[in-house]
Amino acid sequence: MSANYTAVGWNRQKKIYAWCILGFSLLYLSLFIGISLVTNNEVTFETLLIRSTSTLAVLMLHLILAIGPLCRLHPVFLPLLYNRRHLGVTMFCVALVHGTFSIFQFHALGNVNPLVSVWVSNTQFGSISAFPFQALGFLALIILFLMAITSHDFWLHNLSPRIWKSLHMLVYLAYLLVVMHVMLGVIQYETQPMLVILLSAGAITLVSLHLAAGFRETKADNFHYALKKEGFVYVCEVNDIEDDRAKVFCIDEERIAVYKYDGNLYAIHNVCKHQGGPLGEGKILDGCITCPWHGYQYLPINGQSPPPFTEKVSTYLLRVLGTKVWLNPIPLAEGMEREGAKIPTEMG
Amino acid sequence: MIRLLRKRHKQVWLVWAIALPVGIIAAWLAAPDSPVVNLVQSDKSTLLPITVATKELPDYTASIRTNLANSEWQLEWKNKKALVVPSAVIYVSEQDKFSIAKSILVGRIETKASYVFPITQPENGSPLKLVLYDFIHEKILDTLFLKPQETKGGPDL
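Chains D and E supply the protein sequences, listed in that same order.
Quick note: the first sequence uses the numbering used here, first residue 1, plus one each step.
Quick note: the second sequence uses the numbering used here, first residue 1, plus one each step.
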């Protein structure tokens, strides 16, 4: 969370995350190259680099795509989400090394511009086994490039969250292109089934995770709250909510987070202004509701980020009657202050 | 995440749940069954001692080599300069009209270097027809005929 432009707002967690990514990448590349040299000493440096970076990039892409649904299924994975962008940019850099060396190795010695050669050297688009698979990888690399260069919050603010999110959802298309790049490329020359098995296992895992998370969200979205009174809806018992934590309720297609803090209940819109993170899955830190994704903060009393930050979310009215919590799903203006619903002392 | 985005994510993965298996299975089934040919060149130190035929051309030199017992044969291909195509392969063809399916793949050549490939001895001393083929653009780059001479002398110095 930063009020001004800074390249990277480093903190301890981000540094640990970055060192883990770097360590894992170097370890993977070293092991891959070392084992390849031992088992096949005739392999060239360029080939080793192309193969090691390709497998590392594919592995990282699977990891990146798994983080989102894993976090929606269980909050224990949230630390992985915190700095996913650095993982994404690293993965792009690894893929770029693979793409650059591949184009150099297979297209640089001709009399056609290598970047043009990728597209015109093979035009058998009607064939499956001879399909120009390199073009698929090139397209995926372009998408990953656009995502990497717009990954900073500067672009999120300037492009608008809607355009930014739409652009970054192209990663799903990039994944499909990468899978087909592998299947129509190396698999056509490979007799061992191991690569197909690994790639299929990855695809099955990702599809299963995303669909499981998606259907779970749909179920929560469609929950019907029957008990209504004077515009308020009965949502839960006071003791259902932990101190400094929230429960999320979806009413009239909107998700609302109800936080318990300092003997009061506060309801705010569940969607963080930064990247749409689920505020209700965060917690109160330093008196502020803190988004679990990237740490954006909002005051419970008015839904505003503490100065000098300017983000605001809608607030809602609550009532506590006996042990029951009643919520009015009509949003107040973003950043509007209202009283918290006092929890009876014998319950707080 | 807003409800619309959650819906979009789910829709994409529902489509991918069909598209990914279809793509993977189709590509796997389409993969050729033929065994993979080892295109890695043999070690230079195993160069056979006797040259029985040589063709000298501006861009490359092709030679057929054999051992003293005339039991093993090699094709030695020296690229004097880098090819103007990214990669090319050499076939031995026994047909008048070149066809990949009816030819024997010898090996792949790329940059300026010397390449050595094991070959089968031509029958009845007939000329060996070598076809240099650009497999990306699918065109014949050159055709060479090498007629082996009878081996009488000792090894090349």
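It is possible that part of the hints are untrue.
For lysine-lysine, the following BS3-like pairs were computed, each having C-alpha atoms within a straight-line distance of at most 30 Å [as the list claims (entries may be wrong)]:
#: 1; chain 1: D; residue 1: Lys342; chain 2: D; residue 2: Lys283
#: 2; chain 1: E; residue 1: Lys10; chain 2: D; residue 2: Lys165
#: 3; chain 1: E; residue 1: Lys10; chain 2: D; residue 2: Lys219
#: 4; chain 1: E; residue 1: Lys102; chain 2: D; residue 2: Lys273
#: 5; chain 1: E; residue 1: Lys10; chain 2: D; residue 2: Lys247
#: 6; chain 1: D; residue 1: Lys312; chain 2: E; residue 2: Lys147
#: 7; chain 1: D; residue 1: Lys228; chain 2: E; residue 2: Lys102
#: 8; chain 1: D; residue 1: Lys165; chain 2: E; residue 2: Lys7
#: 9; chain 1: D; residue 1: Lys342; chain 2: D; residue 2: Lys324
By construction, these hints were calculated from the structure, which means they are not laboratory data.
Owing to the predicted nature of the structure, the values given are computational and were not obtained by experimental measurement.
Checklist entry - Is the Cα-Cα distance between Lys342 of chain D and Lys324 of chain D 30 Å or less? => result Between Lys342 of chain D and Lys324 of chain D the Cα gap is close to 12 Å, so the pair holds against 30 Å.
Next on the checklist: Lys312 of chain D and Lys147 of chain E were given as a pair; does the straight-line alpha-carbon distance stay at or below 30 Å?
Outcome noted: violated, 85 Å
Checklist entry - Is Lys10 of chain E within 30 Å of Lys247 of chain D, Cα to Cα? => result holds, 23 Å
Checklist entry - Can the restraint linking Lys342 of chain D and Lys283 of chain D be considered satisfied, given a maximum Cα separation of 30 Å? => result Roughly 19 Å between the alpha carbons, so the hint for Lys342 of chain D and Lys283 of chain D holds.
Item to check | Hinted pair Lys165 of chain D and Lys7 of chain E, Cα distance within 30 Å | outcome: Distance of about 14 Å is within 30 Å: holds.
Item to check | Given pair status - Lys102 of chain E, Lys228 of chain D, alpha carbons within 30 Å | outcome: Not OK: Lys228 of chain D and Lys102 of chain E at ~81 Å, beyond 30 Å, violated.
Item to check | Proposed proximity, Lys273 of chain D with Lys102 of chain E (alpha carbon, max 30 Å) | outcome: violated, 66 Å
Checklist entry - If you draw a straight line from the CA of Lys10 of chain E to the CA of Lys165 of chain D, is it 30 Å or shorter? => result Holds, because 15 Å separates the two Cα atoms, which is no more than 30 Å.
Checklist entry - Can the restraint linking Lys10 of chain E and Lys219 of chain D be considered satisfied, given a maximum Cα separation of 30 Å? => result holds, 13 Å
The structure shown violates the earlier hints numbered 4, 6, 7.
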